[in-house]
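Q: In the numbering used here, the protein residues as written are 201 to 467.
Just so you know, the hints here were simulated from the structure itself, not pulled from any lab data. Don't be surprised by glycine CBs; every beta carbon is placed ideally from N, CA and C. Keep in mind that the hints are not guaranteed to be accurate.
[What the hints assert, rightly or not] When the alpha-carbon atoms are kept at most 25 Å apart in a straight line, the in silico BS3-like pairs for lysine-lysine are as follows:
#	residue 1	residue 2
1	369	438
2	458	254
3	438	274
4	459	281
5	274	459
6	458	381
7	321	438
8	369	327
9	327	429
10	369	381
11	369	387
12	327	381
13	254	459
14	459	438
[Said to hold, decoys possible] The calculated label-pair distances, taken between Cβ atoms and stated as ranges, are:
#	residue 1	residue 2	range
15	280	454	12 to 20 Å
16	283	370	30 to 38 Å
17	369	449	42 to 50 Å
18	455	426	34 to 42 Å
19	449	386	21 to 29 Å
20	374	310	42 to 50 Å
21	356	384	36 to 44 Å
22	289	417	42 to 50 Å
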Amino acid sequence: FFSEVGVPLLIPPKRTCLQGPCMCQALGFLFVSACLSPAMSAAPGGTATLHYWKGRGRANPIRFMLEETATPYKERFIQGKEDLEGLRGEGKLMFNQLPLLEIDGLNLVQSDACIRYLARKHDMLGKDAAEGAVVDMVQAATLELRGVVLGYVFVPEADRASKLAESFKTTVPKFLAPIDKLLSQSKTGFVAGGDVTMADVTLYEAISFLLDAPTPSKDWFDSYPSAQKHHTMMQSRKQMAAYIKSDRRHPFPDDVYKKAVVDTLYS
201 FFSEVGVPLL IPPKRTCLQG PCMCQALGFL FVSACLSPAM SAAPGGTATL
251 HYWKGRGRAN PIRFMLEETA TPYKERFIQG KEDLEGLRGE GKLMFNQLPL
301 LEIDGLNLVQ SDACIRYLAR KHDMLGKDAA EGAVVDMVQA ATLELRGVVL
351 GYVFVPEADR ASKLAESFKT TVPKFLAPID KLLSQSKTGF VAGGDVTMAD
401 VTLYEAISFL LDAPTPSKDW FDSYPSAQKH HTMMQSRKQM AAYIKSDRRH
451 PFPDDVYKKA VVDTLYS
């Protein structure tokens, strides 16, 4: 499925540098420094700001991590091309793409980097290297799972149902069956160890995304009993339970969301 991840990068044509390597390195350093400058982003300990369109997209796992960690944050929705160009002009988007998370004096881009920053900050990467490896693998697999529905609304309407059905037959079993087996062997119900990790949060978000998809039935989830138990456990956690019931939770992407993204990127 096509998704809004493909924001064009503003990279000039490759050419021979006339200023020498030192000047190029200095300019590169200044650009990266601008992206990380505390003066241009949320102050340490203050309220974080998440910049994205008003919809789930690639920002949603970040939202779930912010909620689970009880991190104070606000959202600034991209309304049009001017908003995106404004962030680019301020030097806040290292790769000229969204989402952007302003937190602790940093301008964080790339959704996975944002997730891992929050996980590292709140000790959600596993207690040791072995647990961390499991957490990393499952978290990466959840990106594949949510990819089944991430770009659904960007597909021509006549093709949506068939493409979605095919992905539920192939991609979902490929990644969710091994995760279900892993969870069936867990003594705590968590992906790894005795406490919640980023993989637990992103798995919960991905399955929630799949369950909200316009499929004829939700019976597909019955094939994964351990994942069902994990989903129920995560849904009952204090922060998650409050978020799911709140108006902060974004609905499944619709054509209004699609128009906002397309108008911003391609108008």
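Q: Give a verdict on every hint.
A: Against the structure, the hints come out as follows:
1. 369 <-> 438: Not OK: residue 369 and residue 438 at ~33 Å, beyond 25 Å, violated.
2. 458 <-> 254: The hint holds at about 10 Å.
3. 438 <-> 274: Given pair residue 438, residue 274 holds - Cα atoms ~20 Å apart, limit 25 Å.
4. 459 <-> 281: holds (12 Å)
5. 274 <-> 459: holds (23 Å)
6. 458 <-> 381: violated (36 Å)
7. 321 <-> 438: This hinted pair holds, its Cα atoms lying about 20 Å apart.
8. 369 <-> 327: Given that 25 Å is the threshold and the Cα spacing comes to 35 Å, the pair is violated.
9. 327 <-> 429: Judged against 25 Å, a Cα distance of about 23 Å means the pair holds.
10. 369 <-> 381: Since the Cα atoms of residue 369 and residue 381 sit roughly 18 Å apart, the hinted pair holds (cutoff 25 Å).
11. 369 <-> 387: violated (29 Å)
12. 327 <-> 381: holds (21 Å)
13. 254 <-> 459: It holds: about 11 Å lies between the C-alpha atoms, which stays within 25 Å.
14. 459 <-> 438: violated (34 Å)
15. 280 <-> 454: 12 to 20 Å: holds (18 Å)
16. 283 <-> 370: 30 to 38 Å: holds (37 Å)
17. 369 <-> 449: 42 to 50 Å: Violated, since residue 369 and residue 449 (Cβ atoms, about 28 Å apart) do not stay within the stated range.
18. 455 <-> 426: 34 to 42 Å: holds (36 Å)
19. 449 <-> 386: 21 to 29 Å: Roughly 27 Å apart at Cβ, these two residues keep to the hinted range, so it holds.
20. 374 <-> 310: 42 to 50 Å: violated (24 Å)
21. 356 <-> 384: 36 to 44 Å: Because 39 Å falls inside the window, the suggested range holds.
22. 289 <-> 417: 42 to 50 Å: This hint holds: roughly 48 Å between Cβ atoms.
The structure is inconsistent with the numbered hints 1, 6, 8, 11, 14, 17, 20, although it conforms to all the rest.
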